[in-house]
Amino acid sequence: MTDTYLTLVNTGVTKTIAKRLGLPRPVPLRRHRPGQPLTGGPVLVLHDDASARDADVVAGQLVGWDLDVRRHAASAERYGAVVLVLTGAAHPEDLSAPVLAAAGTLRSLESAGRVVTLSRPATADDGPAVAAARQGVDGLLRSLAKELRAGATGNGVVVADGVPVDAPSVLGALRFFLSTRSAFVDGQPLAVDSAGGALPGDWDRPLAGRVAVVTGAARGIGAAIAATLARDGATVVAVDVPAAGEQLARVANSVHGSALQLDITAPDAGERILAHTLSRHGRLDVVVHNAGITRDRLLANMEPDRWDSVLAVNIAAQLRIDEALLAARGTRDGVLADAPRIVSLASTSGIAGNRGQTNYAASKGGVIGMVRATAPLLADAGGTANAVAPGFVETEMTARIPALTRQVARRLNSLQQGGQPVDVAEAVAFLASPQAGGILGRTLRVCGQNLVGA
Amino acid sequence: MTALPSTTAQSGLPTDPPTPDGPRRAVVVGGNRIPFARAGGPYVRSSNQDMLTAALDGLVARFGLAGEQIGEVAAGAVLKHSKDFNLTREAVLGSALASGTPAYDVQMACATGMETVVGLANKIRLGQIDSAVAGGVDSTSDAPIAVSDPLRRALLDLSRAKSTQARLAALARVRPGHLAPAAPTTAEPRTGLSMGEHQALTTAAWGITREAQDELAAASHHRLAAAYERGFFDDLMTPYRGLTRDANLRTDTSVEKLATLKPVFGKGLDTPATMTAGNSTPLSDGASTVLLASDAWAAERGLPVLASVVDAQAAAVDFLHGREGLLMAGAYAVPRLLARNGLTLQDFDLYEIHEAFAATVLSNLAAWDDERFCTERLGLDKPLGTIDRSRLNVVGSSVAAGHPFAATGGRIVATLAKLLAEKGPGSRGLVSVCAAGGQGVAMILEAA
Amino acid sequence: MTSGVDGADGADVPAPDDPATLRTDVELPGVPGLGGLYARGVAASARLAALSRLGRASDRLPGVAYVVRGVRADPDRLTAYQHLLGEPASDALPAGYVHVLAFPVATALMVRDDFPLPLAGMVHLANRVQQHRAPVLGEPLDVRAHAQDLRRHRSGAQVDLVTEVRSGGDVVWRGVSTYLAKGVRLPAGRSGAETPDAGSGGGRRGGRPEFVPPVPTGQWSLGADAGRRYAAVSGDRNPIHLSRVTARAMGFPRAIAHGMLTASRALADVGRARGDAFAWTVEFAKPVLLPARVTVRVAPDLAGGGYAYTGWDGRCGALHLHGTVVPR
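Sequences listed follow chains F, L and X, in order. Note that the first sequence covers residues 1 to 454 in full-length UniProt numbering. Note that the second sequence covers residues 1 to 448 in full-length UniProt numbering. Note that the third sequence covers residues 1 to 328 in full-length UniProt numbering.
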């Protein structure tokens with residue numbers, strides 16, 4: 001889907017006019033291309049005093065990624081990214097030095113620049129000052145993200161107590177946020193719950209040797225997920241309803257995967273996914289529950305069929321399939337056996353609610369709950385389950401929204417534009433990767449920091 | 001019927017039957033077709049190459065073969081444009097298969113699809129190739145239309161002419177009447193009778209009733225509909241151009257509704273005309289493919305093995321001079337196949353007899369149960385007998401699904417292979433497909 | 001000019017009482033053009049019609065046989081003929097094509113001043129061919145044509161035109177075409193026997209058994225241009241075959257198909273089963289008005305030891321032609 005406004009305010013005469021009128025001027029986001037440098041310039045690592053050791057560790061890792069790492073802010077420098085290591089902050093006052101140091105760099109941040117905070121979660125066990133400092137980072141991050149311009153984003157890695165900052169998922173999340181793979185993720189704190197997971201042998205192909213099932217893969221976000229997982233090295237089983245078989249075949253062939261025409265609401269859907277995947281590819285490591293439908297109506301006008309069909313496809317089918325797959329883990333070789341990943345598609349509607357989408361929001365809220373409870377079931381094999389909650393993404397589905405509503409919906413986020421299917425797919429691919437093994441039952445929003453919702 | 005001993009089954013018997021140490025097996029891994037459309041329907045702008053490519057791509061996707069080099073692809077079309085001289089190879093080049101996959105065209109009228117399976121299965125059995133895709137496609141919507149012979153000759157002479165005078169001379173030969181295009185017909189070239197008129201003669205000769213034909217037609221629709229309902233075609237079909245089911249399928253048809261249709265064939269005969277549009281196949285567009293392989297090739301890729309291609313037999317009859325019905329060759333091919341494999345007509349769990357017309361199936365069945373036919377024409381001691389009709393065309397056939405000529409063989413082979421796999425190891429199926437020119441191909445499949 | 005005696009070779013039509021059995025051979029320099037012959041024929045017919053009205057129609061056939069030596073088939077015309085009739089385009093000349101080659105020689109005889117019957121309006125009743133072997137392309141053929149057996153018919157007078165085609169002195173092909181000149185009264189006593197089996201050209205008269213259509217084996221679709229197309233390959237541009245207008249001038253509502261077009265099509269339908277040597281007969285009944293769909297049965301004729309064929313109008317059931325092809 002093309003965003004004409006985005007094109008207009010960035011080209012020719014209309015660019016000048018938009019500038020004069022002070023219209024919002026979103027910039028085209030820079031997205032991942034294999035071989036691209038990780039950041040657009042040097043990376044500045046700042047920290048509070050108590051976080052010095054963690055900052056050293058982080059800086060060391062960044063150097064290991066061939067980044068030009070700076071430890072002190074220089075006013076003349078244009079940074080590609082600023083990493084704020086605040087894991088040791090014990091009092092809100094501790095934030096002052098690093099944050100103000102970072103402030104001086106923001107005006108000269110490279111386009112598509114990145115600000116990433118590393119902090120610890122505030123819990124009831126913390127002392128009040130510690131909790132205040134930690135929770136303060138959350139507020140700081142969300143506000144800072146709203147101030148960034150020119151495709152720059154701010155995101156946070158919230159590292160559980162006891163998990164070192166060089167744990168695979170901390171580094172994985174940090175790298176994801178620094179990279180253009182997270183182009184449409186903005187203002188999001190992502191929790192790392194454990195030191196689980198593993199760093200990939202090849203950061204460009206973290207899914208090499210892995211077999212992934214993607215439902216709803218015939219078009220839109222599902223097709224992008226299939227392509228992205230395949231790009232990252234996975235063998236993809238593309239699943240969609242028989243009626244979508246023509247597009248499904250195209251997707252499967254383009255990623256050199258296989259197509260399975262299947263209605264996921266069928267009672268034997270899980271078994272058929274298993275049969276196809278095991279016979280063709282010998283194993284099943286990643287399941288991406290992407291298939292979903294909308295049947296919008298105000299609840300007062302809701303026909304039972306609209307409610308039931310949305311719940312059936314968007315959550316009940318996922319539960320039934322997961323149940324079948326989990327049941328097969330013990331009995332059949334290769335089923336979710338080694339660091340398995342389940343990634344489900346939630347929605348910002350399921351977090352913040354959306355008028356006319358009670359059924360959809362119920363199903364997507366359900367997904368958020370489901371992954372939280374599913375992650376522990378996979379823990380024995382180093383596995384996890386997480387969700388991705390897209391905001392406004394340019395798809396065939398959102399293309400059906402009336403034009404004016406669509407224009408407004410696109411601008412209601414910090415990046416002032418809709419996301420692309422690939423933005424969601426990148427988040428899914430990250431959560432499916434070995435380096436995401438310490439992220440347990442979480443939901444990552446891919447919404448450009450949508451103004452509504454958490 | 002007029003009894004005229006002509007072709008006998010004995011002539012097809014082998015002198016050296018296959019031994020246990022004979023060639024390796026060729027197996028059916030699976031199939032893919034696009035839904036069959038009615039002529040002038042959603043595929044009206046789709047060429048044979050378009051449809052064959054779509055069917056190939058669906059097959060490639062189903063079995064994860066993108067970028068793979070297959071041993072050989074063979075397919076064909078009955079109604080073929082001259083530009084499609086390399087139809088199958090062109091389809092392969094446009095598909096997701098590796099471009100190093102060789103391909104060739106086959107043309108055996110409505111038995112084209114069957115013959116591609118036979119030829120490729122034999123190559124696999126001989127070890128010449130390890131994998132193959134058989135297929136067929138036809139478009140009656142995008143049928144080739146040629147210029148008239150006189151115009152064509154004049155144009156060819158014009159292109160060869162060296163002088164203005166010669167060019168003018170060539171052009172001067174063209175008359176307004178020559179400008180009328182020549183469209184292909186379903187008429188047999190040597191008799192001028194349409195296939196329906198030919199079958200009407202056979203139908204009358206065997207005394208096949210209207211009721212029996214309508215019953216078979218209704219069963220074809222109901223069984224096809226039931227198969228769709230249970231998702232049987234989910235892994236045999238890939239939608240195309242918005243069509244997700246065979247367009248000809250009438251789930252709500254009935255013997256009563258079919259009985260109201262007016263006969264269209266056999267109206268000039270002295271017996272009542274019984275063949276209607278309802279118990280005949282419509283002109284259709286569509287394509288089908290079948291993935292064949294050696295056991296080892298399939299196993300290496302974790303691909304399923306539905307059934308093995310046991311044996312096949314072609315036959316032809318002299319329909320020109322009233323000796324035999326145009327579409328009765330299957331009645332001759334089957335007994336030869338049975339004899340060579342030491343089987344009786346009753347030794348099968350499933351039968352697939354192509355419903356060119358409902359009456360074609362019934363005429364074949366009547367012949368096999370007819371003492372005189374079996375002794376005089378087939379040279380047998382006794383009739384082949386009857387078959388259990390509940391095992392015949394159990395998920396419908398061409399009357400319901402439609403019949404894009406060259407695509408029917410692939411549809412039937414893939415369908416039967418899956419049915420046999422469902423029935424379990426050792427179950428056996430018999431296929432018979434009749435074709436224009438008085439030909440037919442029969443085949444035995446056995447669940448792997 | 002040479003003289004010779006009518007060969008009895010393969011003769012299936014005895015002509016013992018014909019006083020003209022002893023004929024003079026007149027050798028023509030080449031096969032005459034049919035167009036000119038028809039023009040002459042029309043003129044001669046007018047003269048003959050006048051004589052006939054005066055009751056002075058001659059009852060004597062010309063005492064000559066026309067001979068043309070070294071006739072060769074033209075490859076392009078042969079191919080066109082073979083394509084049109086559905087014969088394989090081999091080097092063997094179909095029996096019907098040999099008729100086409102030789103026909104103008106017989107026609108030349110019929111437009112002689114001393115030929116007693118008018119060419120215009122003449123009806124082709126029947127044709128019998130004995131082929132001993134198929135002549136081949138490039139083979140020089142000698143064609144000899146004479147008329148014999150002028151006799152009465154219930155609606156006029158009929159005559160046989162006998163054409164022999166020789167190669168190296170041997171007769172390879174011999175055709176006898178029976179024509180009817182309607183309304184021509186021959187003097188009483190002149191070969192009074194009317195041949196009952198010859199078609200009347202008009203349908204079912206003379207006690208002929210009612211025609212019952214058999215089970216068909218095929219159908220010929222003959223377009224409005226079928227006569228013109230056959231004329232193009234055969235050279236027989238008799239106006240009754242060419243167009244509605246020209247046919248009307250000759251008393252037919254529409255153009256009619258050449259009899260030999262239909263008979264030759266039937267011969268092609270028999271196909272290779274006829275072999276190289278065979279007898280081919282046809283009797284023509286109701287003319288085929290173009291365009292037409294002729295329903296046909298071409299099937300083994302167990303009693304005759306060969307093939308029998310029948311062509312009829314599938315809608316009204318009227319017989320157009322029937323005949324046999326018997327391999328020898």
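Treat the hints as calculated values from the structure; they're not laboratory data. Be careful, since some hints might not be right.
[To be verified] Distance condition first, Cα-Cα at most 20 Å in a straight line; then the derived EDC-like pairs of lysine to aspartate or glutamate:
#, chain 1, residue 1, chain 2, residue 2
1, L, Lys382, L, Asp369
2, L, Lys382, L, Asp347
3, L, Lys423, L, Glu229
4, L, Lys267, X, Asp313
5, L, Lys423, F, Asp268
6, L, Lys267, L, Asp252
[To be verified] According to the in silico footprint, chain F covers these stretches of chain L (three or more CB under 8 Å from chain F):
#, region
7, 52-58
8, 63-72
9, 235-241
10, 325-334
These numbers come from a predicted model, not from an experiment. We treat Cβ as the ideally placed atom computed from N, Cα and C, and that holds for glycine.
Verification of the supplied hints:
With a C-alpha separation of about 9 Å, the suggested pairing of L/Lys382 with L/Asp369 holds against the 20 Å cut-off. Pair hint L/Lys382 plus L/Asp347 holds up; C-alpha atoms about 16 Å apart against a cutoff of 20 Å. Distance check on the hinted pair: L/Lys423 and L/Glu229 sit about 19 Å apart at the alpha-carbon level, within 20 Å; holds. As the CA atoms of L/Lys267 and X/Asp313 are separated by approximately 14 Å, the hinted pair is consistent with the 20 Å bound.
Of the supplied pair hints, the one linking L/Lys423 and F/Asp268 holds, its CA atoms being roughly 19 Å apart against a limit of 20 Å. Restraint check: the Cα-Cα separation between L/Lys267 and L/Asp252 comes to about 28 Å, which exceeds 20 Å; the hinted pair is violated. Here's how the region 52-58 of chain L fares: 3 of its residues keep a CB closer than 8 Å to some CB of chain F, so the rule of at least three is met and the hint holds. Only when three residues or more bring their CB closer than 8 Å to a CB of chain F does the claim for the region 63-72 of chain L stand; here the count is 4, and the claim holds.
Note: the region 235-241 of chain L has 6 residues with beta-carbon separation from chain F under 8 Å; the three-residue rule is met and the coverage holds. For the region 325-334 of chain L, the assignment as covered by chain F is violated, since 0 residues bring a beta-carbon within under 8 Å of that chain's beta-carbons and 3 are needed.
In this structure, the earlier hints numbered 6, 10 are contradicted, and the remaining ones agree with it.
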